[in-house]
Amino acid sequence: MFDFRLAVAETIVNQTGFEITEISTLIEIPPKEDMGDYAFPCFRLAKELKKNPAQIAAEISEKLNENSPQWMIETKAVGPYLNFFLNRGYYASVVLKTILSELDSYGKLQIGQQRNVIVEYSSPNIAKPFHVGHAYTTILGQAIGNIYDALGFNVIRMNHLGDYGTQFGKLIIAWRLWGDETALAKEPIAELTRVYVKFHSVLKEQPELEDQAREAFKRLENKEPAEVELWQKFRDYSLLEFNRLYQRMGINFDNYNGESFYSDLIPEVVEILEEKGLLEESEGAQVVDLEEYDLNPCIILKSDGTTIYASRDIAAILYRDRTYDYYKNIYVVGLPQTNHFQQVFAVLKKADFAKADQNIHVGFGSVKFKDGDFSTRKGNVILLEELLDQSVAKTKDIITKNNPNMSQDEIDQTAETVGLAAVKYTYLKNGRERDIMFDWDEMLDFEGDTAPYLMYTYARAKSILQKANFVSDEQNEIDYSLLTEADEFGIIKNMYQYPEVLIQAAEEFEPSILLRKISQLARNFNRYYHSTPILKTEDTALRQARLVLIFAVSVVVKNGLRLAGINPVERM
Numbered sequence: 007m008f009d010f011r012l013a014v015a016e017t018i019v020n021q022t023g024f025e026i027t028e029i030s031t032l033i034e035i036p037p038k039e040d041m042g043d044y045a046f047p048c049f050r051l052a053k054e055l056k057k058n059p060a061q062i063a064a065e066i067s068e069k070l071n072e073n074s075p076q077w078m079i080e081t082k083a084v085g086p087y088l089n090f091f092l093n094r095g096y097y098a099s100v101v102l103k104t105i106l107s108e109l110d111s112y113g114k115l116q117i118g119q120q121r122n123v124i125v126e127y128s129s130p131n132i133a134k135p136f137h138v139g140h141a142y143t144t145i146l147g148q149a150i151g152n153i154y155d156a157l158g159f160n161v162i163r164m165n166h167l168g169d170y171g172t173q174f175g176k177l178i179i180a181w182r183l184w185g186d187e188t189a190l191a192k193e194p195i196a197e198l199t200r201v202y203v204k205f206h207s208v209l210k211e212q213p214e215l216e217d218q219a220r221e222a223f224k225r226l227e228n229k230e231p232a233e234v235e236l237w238q239k240f241r242d243y244s245l246l247e248f249n250r251l252y253q254r255m256g257i258n259f260d261n262y263n264g265e266s267f268y269s270d271l272i273p274e275v276v277e278i279l280e281e282k283g284l285l286e287e288s289e290g291a292q293v294v295d296l297e298e299y300d301l302n303p304c305i306i307l308k309s310d311g312t313t314i315y316a317s318r319d320i321a322a323i324l325y326r327d328r329t330y331d332y333y334k335n336i337y338v339v340g341l342p343q344t345n346h347f348q349q350v351f352a353v354l355k356k357a358d359f360a361k362a363d364q365n366i367h368v369g370f371g372s373v374k375f376k377d378g379d380f381s382t383r384k385g386n387v388i389l390l391e392e393l394l395d396q397s398v399a400k401t402k403d404i405i406t407k408n409n410p411n412m413s414q415d416e417i418d419q420t421a422e423t424v425g426l427a428a429v430k431y432t433y434l435k436n437g438r439e440r441d442i443m444f445d446w447d448e449m450l451d452f453e454g455d456t457a458p459y460l461m462y463t464y465a466r467a468k469s470i471l472q473k474a475n476f477v478s479d480e481q482n483e484i485d486y487s488l489l490t491e492a493d494e495f496g497i498i499k500n501m502y503q504y505p506e507v508l509i510q511a512a513e514e515f516e517p518s519i520l521l522r523k524i525s526q527l528a529r530n531f532n533r534y535y536h537s538t539p540i541l542k543t544e545d546t547a548l549r550q551a552r553l554v555l556i557f558a559v560s561v562v563v564k565n566g567l568r569l570a571g572i573n574p575v576e577r578m
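The sequence shown runs 7 to 578 under this note's numbering.
Rather than coming from a laboratory, the hints here were simulated on the basis of the structure.
In this text, all values refer to a predicted model and were calculated from it rather than measured experimentally.
Note that the Cβ used here is the ideal one computed from N, Cα and C, for glycine as well.
One thing to keep in mind: the hints can contain errors.
In silico lysine to aspartate or glutamate, EDC-like type, Cα no more than 16 Å apart, as pairs [to be verified]: (1) K134 with D242; (2) K56 with E39; (3) K376 with D300; (4) K82 with E108.
Quick list of simulated restraints, FRET-style, between CB atoms [as the list claims (entries may be wrong)]: (5) P231 with M443: 45 to 51 Å; (6) D545 with E80: 52 to 58 Å; (7) D445 with K224: 44 to 50 Å; (8) E277 with E108: 48 to 54 Å; (9) A360 with W446: 33 to 39 Å; (10) D415 with D110: 35 to 41 Å; (11) G23 with T543: 47 to 53 Å; (12) E39 with M412: 57 to 63 Å; (13) R533 with D331: 47 to 53 Å.
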């Protein structure tokens with residue numbers, strides 16, 4: 007697609023002789039629409055040309071207005087700024103033709119050049135309930151992976167299962183004492199949670215169980231068959247439950263290599279750190295001192311010789327480097343783990359690991375609910391499935407009320423799609439480091455900053471196109487110069503900026519940047535819909551041009567929502 011910002015930069019370069027790299031980064035978007043579409047501050051030129059910046063702006067403006075390029079109407083000198091006003095018809099033609107041509111691929115770029123980007127997300131603990139906190143990393147990680155994929159990176163989606171550690175020693179002992187095979191087959195997570203909780207409840211009376219659990223985990227690390235068999239059973243049953251939820255939510259992974267997968271590499275990690283003289287003994291444990299990074303020592307091996315999260319994460323990084331030669335290794339893990347990742351990355355730097363700076367922790371806040379706004383069967387832990395079920399049920403009530411003629415099957419399918427979308431959007435719409443407050447009235451509001459609002463916008467656009475019998479591949483003779491109203495130009499600008507927003511969202515690991523642009527586009531479209539005749543437009547050429555505009559809106563809204571893991575529906 008024609009790059010208008012670059013065209014502005016090249017125009018200035020042609021008038022001044024400066025390098026394109028010096029000019030392009032200085033171009034701005036004016037704060038008000040009546041100030042133009044792009045602005046260039048001439049202060050930088052003033053230093054080199056030894057002229058007043060306002061004089062430079064006036065001189066360049068005069069020259070450009072004598073022979074304006076096709077894409078530009080005029081330039082104006084506003085003090086030291088050179089403001090550019092685009093040819094709206096040309097702009098509309100470029101943007102809408104591109105969207106008509108690229109459709110689902112609109113916004114996708116190849117800046118990644120198929121370099122490998124690892125995104126680690128979800129990573130629940132085996133034998134533990136999948137609660138609303140796990141949903142944050144799961145939904146955020148999937149969206150970040152989707153965005154990097156759209157930019158031409160080869161995304162490797164990793165579910166780093168919590169399938170190792172001393173808790174498995176406890177679970178093995180608890181299972182042998184109180185496990186019920188029938189209950190495990192019926193409700194695996196519930197049964198494993200039951201025996202694990204019981205283990206802790208009897209520790210006061212039976213403190214010897216703690217030592218037995220430590221011994222059991224040591225046997226597991228030594229790969230003794232009886233312990234490995236039980237561990238594999240717990241893992242397999244847990245994955246059945248997790249995968250059922252992932253399938254419902256449209257979440258996918260390339261592998262489920264958990265902590266256990268990397269355990270064989272830990273001796274090599276220890277050897278590397280020893281060879282570099284980095285390991286020290288501290289209270290019987292093997293640690294790396296990180297005082298120079300203002301961090302506490304990083305424990306590599308505990309005093310009993312067993313491994314810890316940090317050693318397993320370093321082993322995982324070694325494996326990922328050798329297997330994937332990654333460009334970025336992204337960890338989508340809550341903010342409370344910030345110190346852990348700072349320690350791990352500092353150990354890598356101290357060990358002169360080549361990719362130390364290519365490992366990134368993408369942190370996020372916590373999940374909260376309004377008092378009394380959520381009921382749960384399970385006490386204080388709010389399970390993700392319960393959250394999804396309640397969202398779908400409440401959405402179904404709204405859709406049933408608003409669509410008395412919709413079949414029950416369509417109501418059920420639409421409620422499932424919109425209800426899940428409402429949850430995903432709530433997790434993603436704000437900056438990821440902010441805490442989330444779930445509020446049913448807010449998240450299911452069909453007129454607020456919500457998934458239902460965006461999906462309704464998409465459905466409205468599709469309904470207009472259906473009534474007009476619009477066929478996208480038959481739009482060959484469109485007069486785009488007719489689309490010059492302020493609302494139309496604003497909508498087209500939103501869509502032109504979509505690829506730029508994707509790049510920014512990737513750079514900041516922040517899907518909310520993408521969703522804010524889609525929300526802005528939806529608001530502008532709905533205002534346009536209410537103020538401008540479309541199907542009733544008597545001018546046939548103008549009517550067709552406006553229908554192309556609406557079709558383009560539907561494409562961009564759909565593309566943006568899909569990157570967030572949300573599938574729009576045709577009717578609501």
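Now for the hints, and whether the structure bears them out:
Only pairs whose Cα atoms come within 16 Å are accepted, and K134 paired with D242 is accepted, the gap being roughly 13 Å. Distance check on the hinted pair: K56 and E39 sit about 31 Å apart at the alpha-carbon level, beyond 16 Å; violated. Taken as a hint, the K376 and D300 pair is broken in the structure, with Cα atoms around 38 Å apart against an allowance of 16 Å. Restraint check for K82 and E108: not satisfied, since their Cα atoms lie roughly 34 Å apart, outside the 16 Å limit.
Look at P231 against M443: about 49 Å separates their beta carbons, and that is inside 45 to 51 Å. Checked against the hint of 52 to 58 Å, the pair D545 and E80 fails, with Cβ atoms roughly 27 Å apart. Distance hint for D445 and K224: a CB-CB separation of about 48 Å, consistent with the stated range 44 to 50 Å. In this structure the supplied range 48 to 54 Å holds for E277 paired with E108, their Cβ-Cβ distance being about 51 Å.
Checked against the hint of 33 to 39 Å, the pair A360 and W446 fails, with Cβ atoms roughly 49 Å apart. D415 and D110 have their C-beta atoms about 26 Å apart, which leaves the hinted 35 to 41 Å range violated. Checking the proposed 47 to 53 Å range against G23 and T543 shows it holds: the Cβ atoms sit about 48 Å from each other. Hint check: E39 to M412, Cβ distance near 41 Å, so the stated range 57 to 63 Å is violated.
Distance hint check for R533 and D331: the Cβ-Cβ separation is about 49 Å, which falls inside the suggested range of 47 to 53 Å.
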